[in-house]
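Student: Sequence:
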Amino acid sequence: MSSKNLCAVLLAVVLCVVTLAGCSSEKGSNDAAEPAGTEQEQTFLGTDLGASSTAIFSFPYLGFQLEIPESLGARMDRGELLCQASEHIDNGQIEYAFLWWDAVPPEAREQTFTAESVSDGSLSAWLQSLERVGTIGVFRSDLEDQIPALTGCDTAAVLSTSGDYQYVLTLRDAADPETAEELRQTAASAELSDMVPFDGESAFDIPKVQVTDLGAFTTETIAGEAVTESIFQGHRLTLVNLFATWCSPCVKEIPELDELAQSMAAQGVQVIGVVLDTRDSSGNLDEEALEKARLLQERTGVSYPFLIPDEGLMNGRLAYIDAVPETFFVDETGRIVGETYVGARDLNGWTQIAEATLAALEGGS
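Just so you know, we're using my numbering here: the sequence shown kicks off at 745 and counts up by one.
Hints are supplied without guarantee of correctness; some may be wrong.
Pair ranges (Cβ atoms, derived) [to be verified]:
{"#": "1", "residue 1": "Gln872", "residue 2": "Ala1103", "range": "28 to 36 Å"}
{"#": "2", "residue 1": "Gly836", "residue 2": "Gly968", "range": "41 to 49 Å"}
{"#": "3", "residue 1": "Leu1039", "residue 2": "Leu887", "range": "23 to 31 Å"}
{"#": "4", "residue 1": "Gln872", "residue 2": "Ala1104", "range": "48 to 56 Å"}
{"#": "5", "residue 1": "Gln837", "residue 2": "Leu936", "range": "13 to 21 Å"}
{"#": "6", "residue 1": "Thr787", "residue 2": "Ser933", "range": "23 to 31 Å"}
{"#": "7", "residue 1": "Gly836", "residue 2": "Thr905", "range": "37 to 45 Å"}
In case anyone wonders, no lab produced these hints; they're calculated from the structure.
Virtual Cβ for every residue (Gly too), placed ideally from N, Cα, C.
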């Protein structure tokens, strides 16, 4: 049995970013000018743990999609409301999963925390001080009597049913009437569909699509040179390394990958890098990340290209990256071959993997 509060997941993400921010791409790219011990402890706002005001929240495993009203989204962005998620998975089955909204008092909106705030209880205390407004989610029908206790709300309204599940809006009686009405509007906008069979780690995951080839794409290198799927032609095997400029292990292995590209070129092996953070979550170019990537390429002096993700995310292959660096291989047609590897490796490690993948490809396995 596993029970997960996505507050903890969001917190883990924030703390990961905070930690990695202290190991910047400049430090990882041969910049030894900064004295040791000068890093400052990173902080984050408590309101950073909330979901952003994305206009549409879509949850295929739960079978519903929500349209967030503009007014509600604006209050989330201003830190007046904190939106998070909770779920309970039992033996691979969803017991319940819901989004919840808390009102953040003015004096709590600028409260900052550090990694130590998790262990010393101050972050937990801050979260407990917030005022529950309501929730929208999915519950197994046999949990109906437990919904008030699970959600911290007083009233529950069943929006619809699907098999063994109920779609429910809950509200706290003492909640601000305006915010409660916004949640009613949000619940009323819900588009319900069949629940996708659950095979993920979280009910809020997006089901992964099995991608077997990268298809046709058009993008650019970070230097602005046009690139298409033809980049794979004439190479028996291409190592595709997905990384981010803020990821210290990613940066550290780049010189190792460059040595691999040079040492195995005669065997028809090439390396390309894809800098994931050069596009933001909305698909727009991130100029700051682009500049960091250019500086990184210049300082490391690597010979292989750094690509910007194309708008189609290489036929969807880049859409579900849980951790970086992530590396996979394709043949000269862009067909994905061999295994996917998460984490950095040295030259010897990558050489062994590339040689084994090449041998399997040539052997037809």
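Student: For every hint, state whether the structure bears it out.
Tutor: Each hint tested on the structure:
no., hint, result
1, Gln872 <-> Ala1103: 28 to 36 Å, "57 Å, violated"
2, Gly836 <-> Gly968: 41 to 49 Å, "47 Å, holds"
3, Leu1039 <-> Leu887: 23 to 31 Å, "53 Å, violated"
4, Gln872 <-> Ala1104: 48 to 56 Å, "54 Å, holds"
5, Gln837 <-> Leu936: 13 to 21 Å, "19 Å, holds"
6, Thr787 <-> Ser933: 23 to 31 Å, "36 Å, violated"
7, Gly836 <-> Thr905: 37 to 45 Å, "22 Å, violated"
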